[in-house]
Amino acid sequence: MGIIQIIITLALLAVLVIPAGKYIFNVITGGKSFIDPVFDRVDSLIYKVTGVKRSEMGWKQYAISLLVTNLVMTLLVYLIFRLQGHLGFNPNKNGSMEPFLAFNTAISFITNTNLQHYSGEWGLSHLSQLAAITFLMFTSAASGFAAAAAFMRGLAGKTKNAGNFFVDLIRITTRILLPISMVITLLLVWQGVPQTLSGNQTVTTIEGTLQDIPLGPVAVLESIKHLGTNGGGFFGANSSHPFENPTPLANLVEILSMMLLPASLVYTFGLMLKNKKQSRVIFAAMAILFLTALPVCYLAEQAGNPALSAAGLNQAMGNLEGKEVRFGIAQSALFTTVTTAFTTGAVNNMHDSLTPLGGLAALGQMMLNVVFGGKGVGFMNMIMYAILAVFLCGLMVGRTPEFLGKKIEGKEMKLIALAILVHPFIILIPSAIALVTGPGLAGITNPGFHGLSQVLYEFTSAAANNGSGFEGLADNSLFWNFSTGLVMFFGRYISMIALLAVSGSLAAKREVPVGIGTFKTDNKLFTFILIAVVLIVGALTFFPAISLGPVAEHLTLGK
Amino acid sequence: MKVFLRAITVTIALFILCGFAYPLAMTGISQSLFHKQANGSIIESNGRAVGSELLGQNFTDPRFFHGRISAVNYNTYKPEDKVPDKNGKTAYSGAASGSANLAPSNPALAQRVKNDMEAFLKANPDVKKEDIPADLLTSSGSGLDPDISPEAARIQIPAISKATGIGSEELNKIVEKYTTGRTLGIFGEPRVNVLKVNIEISKMLK
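Sequence order for the protein chains is Z and L. Per this note's numbering, the very first residue in the first sequence carries number 1; after that it's consecutive. Per this note's numbering, the very first residue in the second sequence carries number 560; after that it's consecutive.
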């Protein structure tokens with residue numbers, strides 16, 4: 001039964017990808033759509049009050065607009081966190097955030113990471129949950145999506161301009177994120193996710209004790225949390241909390257919402273290029289990597305924990321520590337693999353308690369950071385590897401490499417090298433620092449090899465803008481708040497800007513006509529070259545760290 | 560400069576739309592369409608609220624079915640747990656969720672399982688160690704798991720029957736009544752809602 005429910009979920013996604021990809025194409029190219037009569041009015045009202053003109057921007061102006069807008073949003077939200085104790089709409093009377101936690105949280109949500117060093121129950125007022133968190137969940141997802149749209153326009157090479165950032169941001173929010181979120185919200189409320197403005201309720205149980213029932217506007221946050229691949233929960237336990245994810249049906253809705261837009265965006269790319277074969281190659285490479293990680297996680301969790309076997313506990317039901325009965329092994333392993341591939345970071349089971357290999361599947365996907373990925377960014381990273389693959393093949397046969405009809409030259413390769421190197425750099429260097437300093441080591445809560453995995457996972461998740469964690473890590477400290485705040489920031493913006501620059505540079509070049517000597521990038525051979533390049537670069541970079549963490553833990557577990 | 564002005568106006572517009580207008584509208588719609596769920600699926604017994612059907616509770620009475628291990632004690636507490644001790648700490652400091660995040664290799668996990676296993680075998684003397692379903696002795700991710708597996712419910716029946724005087728047959732029927740299968744026969748796992756079963760038992764005890 002386990003495998004069947006996984007296959008059906010993935011089949012449902014496959015059905016949704018093409019219509020959703022076409023719809024996204026319509027939205028980012030300004031095409032006509034059946035809901036225009038409604039949304040044209042909403043959009044023109046917003047353009048009017050905000051003074052947005054629909055003028056074209058070059059890639060630099062586009063990137064600057066994105067950065068400045070994200071900066072303004074971050075400052076606004078930082079202020080809300082710092083003052084939430086005094087701003088009202090705070091029925092549970094939670095205090096204001098201290099500066100470093102607010103710094104970390106603001107960056108975490110604007111970068112689409114949603115690493116949470118607080119728990120919603122004590123950390124945020126209802127006002128912050130909506131006006132800060134839910135707001136940023138929409139705009140950070142729309143920003144990433146907009147960057148991908150600009151990137152694709154450059155690669156498609158029809159125009160030298162990147163589009164208009166503000167128009168993209170608004171259209172993506174009102175035409176993609178808001179309407180789909182509304183549907184998901186209602187589905188989740190129907191399944192039992194609360195949506196109320198009131199605070200916690202206390203009841204007397206049948207044993208005569210008291211129980212606090214945590215309430216709030218959970219469903220609106222929950223829907224965009226998945227659709228926008230954000231991942232930050234309303235409650236500390238995230239999607240394992242019955243009020244965030246009450247039933248297997250809610251779990252299915254959440255999994256599909258995470259996968260929908262990143263997967264469809266690849267199809268959109270084919271439409272923009274007018275070359276569906278090219279998008280099939282990219283999609284296939286991502287899917288093969290995903291389908292490699294999924295069974296590793298599922299089988300490892302199903303096999304159970306040898307250490308508990310040794311303690312006499314029957315492991316026929318699998319490794320259930322940190323998991324919910326309603327999800328069991330299959331829905332937990334699927335959720336874990338999806339959330340780390342599509343870089344959402346929501347969890348429906350506690351990743352710290354995953355078996356070493358189950359945890360490795362999650363960690364590995366974030367280290368590669370190209371398996372579909374979050375809103376737009378994973379896609380941009382995969383194209384980055386595609387260009388690297390073309391370059392390497394070009395070197396081997398001694399030809400100037402071309403990608404999508406444009407010559408790849410020194411300038412592009414320098415930017416690509418920067419974007420590829422920044423990811424391991426901001427994972428491994430901070431991990432090394434954490435492992436040799438007191439404040440870093442103070443966060444580790446599990447002994448042995450797993451302690452190293454906790455540190456490695458935290459920085460990998462921050463760098464990949466994922467946001468899940470080996471949550472045992474005691475990370476609400478100055479060291480962890482500050483270090484991961486910086487890692488999330490660099491992880492988001494350096495590669496994004498470098499890749500926008502690549503696309504701008506390619507758009508400005510003359511197209512090279514396709515000849516018999518042209519190296520094709522839209523066939524099966526290239527799919528495998530692409531996967532090989534991703535795996536070789538990933539393995540060379542991360543293998544030592546992985547060996548000391550999850551691999552060593554696996555080899556010694558239960559011995 | 561112009562880009563700053565534009566960034567500010569667009570931020571304000573989206574702030575109002577996504578941070579206020581949209582959530583408030585959805586709250587209104589949710590409250591009118593799904594009133595019960597939108598307010599936490601509160602469950603009543605004898606006319607008063609005793610919990611939520613989606614949240615587990617900490618049961619200690621031997622006459623009731625027991626749920627999974629919770630790192631947050633299911634947010635259940637006694638009034639005195641909120642009174643600060645000498646060091647200003649309280650036994651209960653407000654609603655929480657999550658697990659203890661023990662790694663599979665952490666010796667504390669194996670030790671906890673051993674301790675709980677001993678206590679369980681003492682309370683359920685007819686049960687053999689290797690027959691204990693794993694969900695009973697592992698902690699849930701949320702600390703609020705409302706369910707146990709049907710096997711975990713059945714294995715508790717003999718001891719509960721002895722403590723309550725309710726026949727095993729009858730208890731079996733109650734468990735079956737509150738067992739939910741896989742959704743559409745496909746998704747998730749079969750499970751028993753512990754609170755609902757115990758409310759039924761509490762009614763029979765009176």
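Bear in mind the hints are in silico, worked out from the structure with no lab data behind them. Given the structure is predicted, the values throughout are model-derived calculations rather than measurements. Heads up, a few of these hints could be off.
Said to hold, decoys possible - Here are the simulated BS3-like pairs of lysine-lysine, each with C-alpha atoms no more than 30 Å apart in a straight line: (1) Lys32(Z) <-> Lys22(Z); (2) Lys524(Z) <-> Lys414(Z); (3) Lys559(Z) <-> Lys721(L); (4) Lys277(Z) <-> Lys32(Z); (5) Lys524(Z) <-> Lys277(Z); (6) Lys673(L) <-> Lys93(Z); (7) Lys561(L) <-> Lys595(L); (8) Lys645(L) <-> Lys687(L); (9) Lys414(Z) <-> Lys274(Z); (10) Lys673(L) <-> Lys559(Z); (11) Lys687(L) <-> Lys559(Z); (12) Lys673(L) <-> Lys637(L); (13) Lys641(L) <-> Lys93(Z); (14) Lys160(Z) <-> Lys509(Z); (15) Lys32(Z) <-> Lys53(Z); (16) Lys53(Z) <-> Lys673(L); (17) Lys688(L) <-> Lys158(Z); (18) Lys765(L) <-> Lys681(L); (19) Lys637(L) <-> Lys93(Z); (20) Lys48(Z) <-> Lys276(Z); (21) Lys688(L) <-> Lys595(L); (22) Lys687(L) <-> Lys673(L); (23) Lys648(L) <-> Lys93(Z); (24) Lys158(Z) <-> Lys414(Z); (25) Lys158(Z) <-> Lys276(Z); (26) Lys158(Z) <-> Lys559(Z); (27) Lys561(L) <-> Lys48(Z); (28) Lys732(L) <-> Lys681(L); (29) Lys60(Z) <-> Lys755(L); (30) Lys561(L) <-> Lys160(Z); (31) Lys721(L) <-> Lys93(Z); (32) Lys765(L) <-> Lys559(Z).
Which numbered hints are broken by the structure, listed smallest first? 3, 6, 7, 8, 16, 17, 20, 21, 26, 29, 31, 32
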